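Peer 1: Each chain is listed here by its residues.
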Amino acid sequence: MSGSARTDRLWRWLTLAPALAVLILLTLVPIAELVAMSVHEIVWRSGESQWRFIGLANYVALAGDQLFGAAIVNTTLFAAIGVSVQMVLGFFLAVFTSRAARGQIIYRTVFLLPILMPGIVIGAIWKLMYNVDFGIINQVSGLVGIPPRDWLGEQSLALASVIAVNIWHWTPFCFLLLLAGLESLPQEAYEAARVDGASPWQELIYVTLPMMLPTIVVTLVFRLIVAFKVFDEVYLLTGGGPGTATEVISFSIYRRFFTEDRAGYGSALAIVTLFAMALAIVLAVTALQRRRVTA
Amino acid sequence: MIAGASTAQDRLRRLTMHAALVTAAALVVVPFLWIAMAAFKTQISLMMGELAFRPTLANFEEVLFSKTSDYAANYLNSVLIASVSTLAVLAIATLAAYSLGRMRWPRWTVHLILLWAVVFHMLPPITLVGAWFTMLRMVGLDSSYTGLILAHVTLNLPIAMWMMTVYIRDIPIELEEAARIDGATTPTVLWNVIVPLARPGLAATAILVFIFSWNEFAVSLNLSAKRTATVPVAVASFAQEYVIKHTAMAAAAVLSLIPALILLVVGQRHIVKGLTSGAVK
Numbered sequence: 001m002s003g004s005a006r007t008d009r010l011w012r013w014l015t016l017a018p019a020l021a022v023l024i025l026l027t028l029v030p031i032a033e034l035v036a037m038s039v040h041e042i043v044w045r046s047g048e049s050q051w052r053f054i055g056l057a058n059y060v061a062l063a064g065d066q067l068f069g070a071a072i073v074n075t076t077l078f079a080a081i082g083v084s085v086q087m088v089l090g091f092f093l094a095v096f097t098s099r100a101a102r103g104q105i106i107y108r109t110v111f112l113l114p115i116l117m118p119g120i121v122i123g124a125i126w127k128l129m130y131n132v133d134f135g136i137i138n139q140v141s142g143l144v145g146i147p148p149r150d151w152l153g154e155q156s157l158a159l160a161s162v163i164a165v166n167i168w169h170w171t172p173f174c175f176l177l178l179l180a181g182l183e184s185l186p187q188e189a190y191e192a193a194r195v196d197g198a199s200p201w202q203e204l205i206y207v208t209l210p211m212m213l214p215t216i217v218v219t220l221v222f223r224l225i226v227a228f229k230v231f232d233e234v235y236l237l238t239g240g241g242p243g244t245a246t247e248v249i250s251f252s253i254y255r256r257f258f259t260e261d262r263a264g265y266g267s268a269l270a271i272v273t274l275f276a277m278a279l280a281i282v283l284a285v286t287a288l289q290r291r292r293v294t295a
Numbered sequence: 001m002i003a004g005a006s007t008a009q010d011r012l013r014r015l016t017m018h019a020a021l022v023t024a025a026a027l028v029v030v031p032f033l034w035i036a037m038a039a040f041k042t043q044i045s046l047m048m049g050e051l052a053f054r055p056t057l058a059n060f061e062e063v064l065f066s067k068t069s070d071y072a073a074n075y076l077n078s079v080l081i082a083s084v085s086t087l088a089v090l091a092i093a094t095l096a097a098y099s100l101g102r103m104r105w106p107r108w109t110v111h112l113i114l115l116w117a118v119v120f121h122m123l124p125p126i127t128l129v130g131a132w133f134t135m136l137r138m139v140g141l142d143s144s145y146t147g148l149i150l151a152h153v154t155l156n157l158p159i160a161m162w163m164m165t166v167y168i169r170d171i172p173i174e175l176e177e178a179a180r181i182d183g184a185t186t187p188t189v190l191w192n193v194i195v196p197l198a199r200p201g202l203a204a205t206a207i208l209v210f211i212f213s214w215n216e217f218a219v220s221l222n223l224s225a226k227r228t229a230t231v232p233v234a235v236a237s238f239a240q241e242y243v244i245k246h247t248a249m250a251a252a253a254v255l256s257l258i259p260a261l262i263l264l265v266v267g268q269r270h271i272v273k274g275l276t277s278g279a280v281k
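First to last, the protein sequences are chains A and B. With my numbering applied, the first sequence has no gaps in its numbers, which climb one by one up to 295 at the end. With my numbering applied, the second sequence has no gaps in its numbers, which climb one by one up to 281 at the end.
Don't read these hints as lab results, they were simulated from the structure. Since we're looking at a predicted model, the values are computed, not measured. Where hints are given, some of them may not hold.
FRET-style restraints, in silico, Cβ to Cβ [what the hints assert, rightly or not]:
1) Ala72(B) with Leu14(A): 38 to 44 Å
2) Ala32(A) with Gly140(B): 16 to 22 Å
3) Thr68(B) with Asp8(A): 55 to 61 Å
4) Ala160(A) with Val29(B): 21 to 27 Å
5) Thr185(B) with Arg290(A): 54 to 60 Å
6) Trp108(B) with Asp261(A): 38 to 44 Å
7) Leu64(B) with Ile205(A): 50 to 56 Å
8) Ala160(A) with Pro196(B): 47 to 53 Å
9) Asp261(A) with Met48(B): 41 to 47 Å
10) Glu41(A) with Thr185(B): 38 to 44 Å
11) Ile258(B) with Ile106(A): 16 to 22 Å
12) Leu279(A) with Leu64(B): 44 to 50 Å
Glycine is no exception: its CB is placed at the ideal position from the N, C-alpha and C atoms.
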């Protein structure tokens with residue numbers, strides 16, 4: 001008996017060990033490494049890195065970094081506007097699809113397409129479509145009398161153009177999660193509403209919306225957090241420009257660390273971002289769990 | 001009279017709904033059609049914005065076979081990195097999910113590991129790339145396949161652990177207990193009971209992890225070299241050449257979509273289930 005208990009304990013460790021190894025060596029150790037780098041000035045000389053301890057100087061410099069400041073503002077705008085539109089569009093598309101008698105499978109398949117495509121390829125596609133000279137956007141807007149614009153090159157348009165691509169890319173994801181939520185709702189509530197003579201609008205507002213609230217909140221929070229990751233599309237579409245019009249957080253970190261070779265300062269940016277995001281995620285997850293427990 | 005009015009109203013409403021859905025579907029599909037058309041055009045035909053044009057395979061030939069293009073090699077790199085990292089993620093995640101779900105770990109251990117998995121999954125990968133780059137360089141694995149595979153395993157393990165935990169939780173414990181009474185050891189239970197029963201979950205996880213790895217850009221960009229560059233890195237470099245070859249870039253983009261399209265056709269059901277279970281539960 002004690003022998004089998006011992007082999008049980010052995011297997012318990014053996015089965016978890018590979019995952020623990022990955023999580024410790026490749027997520028926790030790198031974060032410690034980032035912390036260490038962030039208090040140094042790191043210079044590359046002939047393939048060797050030279051570290052000089054400078055304390056919290058990188059973090060102090062960070063407060064006055066206008067590029068990073070612009071990135072925080074832009075990323076917040078990007079996430080707030082983009083995700084709001086995605087949620088509203090996704091919700092209505094999901095409601096329509098769930099009520100459609102025919103074509104459900106087709107809509108579902110079509111709306112899956114953007115989710116599965118590489119972000120960088122979506123950037124490439126839209127970069128061609130936004131092209132000033134031959135892009136389809138200017139061709140179509142020309143048909144309705146709007147003069148051609150440089151959608152990605154104009155200061156006032158660039159961020160909106162990038163947000164539009166993000167809406168195209170991720171509305172289907174909101175659609176998919178909300179549709180799954182709609183399909184799991186109990187049908188009795190609808191039957192009761194119909195017996196009471198509720199109109200489809202009343203049904204939507206008084207039956208669907210309240211019952212869907214948990215799914216809506218989860219989808220919204222999830223999308224908001226993930227929107228802060230944005231990198232691929234911006235990298236290809238605008239590279240953060242013109243000026244700082246589309247500079248986003250991930251891009252600033254990349255720029256400081258890799259393009260400008262400031263590993264120490266880049267690490268400080270990464271650490272600040274990492275801890276702010278981790279805190280937001282933990283708060284969101286625990287709040288959602290508490291909701292679910294009380295609900 | 002009332003019934004007649006309400007059916008007319010019904011019909012109008014149904015028409016509006018369908019119109020909205022068809023418009024949305026068209027908006028999703030048009031960019032793909034447009035890029036596919038661009039891939040079969042000559043540069044001049046694209047510039048002229050021609051709708052009727054004589055399709056040419058020249059762009060695909062240039063991208064795949066010309067001496068100045070590494071795209072075929074990039075493609076093989078992506079196949080290698082996505083396949084190996086997916087297999088590794090599946091193995092590690094299944095073992096971990098079984099361990100966490102069935103091996104009587106203290107609750108706080110399970111919660112802590114799964115919570116960290118969620119947090120890590122949502123963090124911007126770019127924050128860790130600098131550290132990975134420095135660490136891989138220290139052990140001489142920078143710009144190697146091994147380094148890229150390790151990074152992709154790390155990025156996708158958390159979501160895979162979550163998905164597999166959900167699927168394994170749904171397997172009735174009685175089946176496992178029956179096997180134990182018959183004298184089955186842990187490896188036998190895993191291989192003969194858990195793996196066969198978790199097959200739909202494994203399929204969903206495998207498809208999603210493969211696609212995520214195939215699509216991953218930010219990490220591959222910084223951890224790969226010319227020799228090990230993946231498809232997204234190659235597509236990006238097409239767009240950044242001094243003179244952009246728009247049609248060749250379109251051809252490269254079209255080719256890069258093939259694996260996801262195949263998986264979409266083969267495993268649509270699995271993908272939907274995976275995406276919704278991974279995020280909602």
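Peer 1: Each hint needs a verdict: does it hold in this structure or not?
Peer 2: To see whether the hints hold, each was checked on the structure:
Restraint check, Ala72(B) to Leu14(A): a C-beta distance of roughly 41 Å satisfies the suggested window 38 to 44 Å. Under the hint 16 to 22 Å, the C-beta atoms of Ala32(A) and Gly140(B), about 21 Å apart, fit the expected range. As the Cβ distance of Thr68(B) to Asp8(A) is approximately 60 Å, the hint placing it in 55 to 61 Å holds. Checked against the hint of 21 to 27 Å, the pair Ala160(A) and Val29(B) passes, with Cβ atoms roughly 23 Å apart.
Taken as a hint, the range 54 to 60 Å is violated for the pair Thr185(B) and Arg290(A), whose Cβ atoms sit roughly 41 Å apart. Checked against the hint of 38 to 44 Å, the pair Trp108(B) and Asp261(A) passes, with Cβ atoms roughly 42 Å apart. In this structure the hint that Leu64(B) and Ile205(A) lie 50 to 56 Å apart at CB holds, the actual value being about 54 Å. Hint check: Ala160(A) to Pro196(B), Cβ distance near 51 Å, so the stated range 47 to 53 Å holds.
Restraint check, Asp261(A) to Met48(B): a C-beta distance of roughly 43 Å satisfies the suggested window 41 to 47 Å. Distance hint check: the CB atoms of Glu41(A) and Thr185(B) are about 55 Å apart, inconsistent with the given range 38 to 44 Å. Take Ile258(B) and Ile106(A): their Cβ atoms lie about 21 Å apart, and the range 16 to 22 Å holds. For the pair Leu279(A) and Leu64(B), the supplied restraint of 44 to 50 Å holds, since their beta-carbon distance comes to about 47 Å.
When held up to the earlier numbered hints, the structure conflicts with 5, 10 and fits the remainder.
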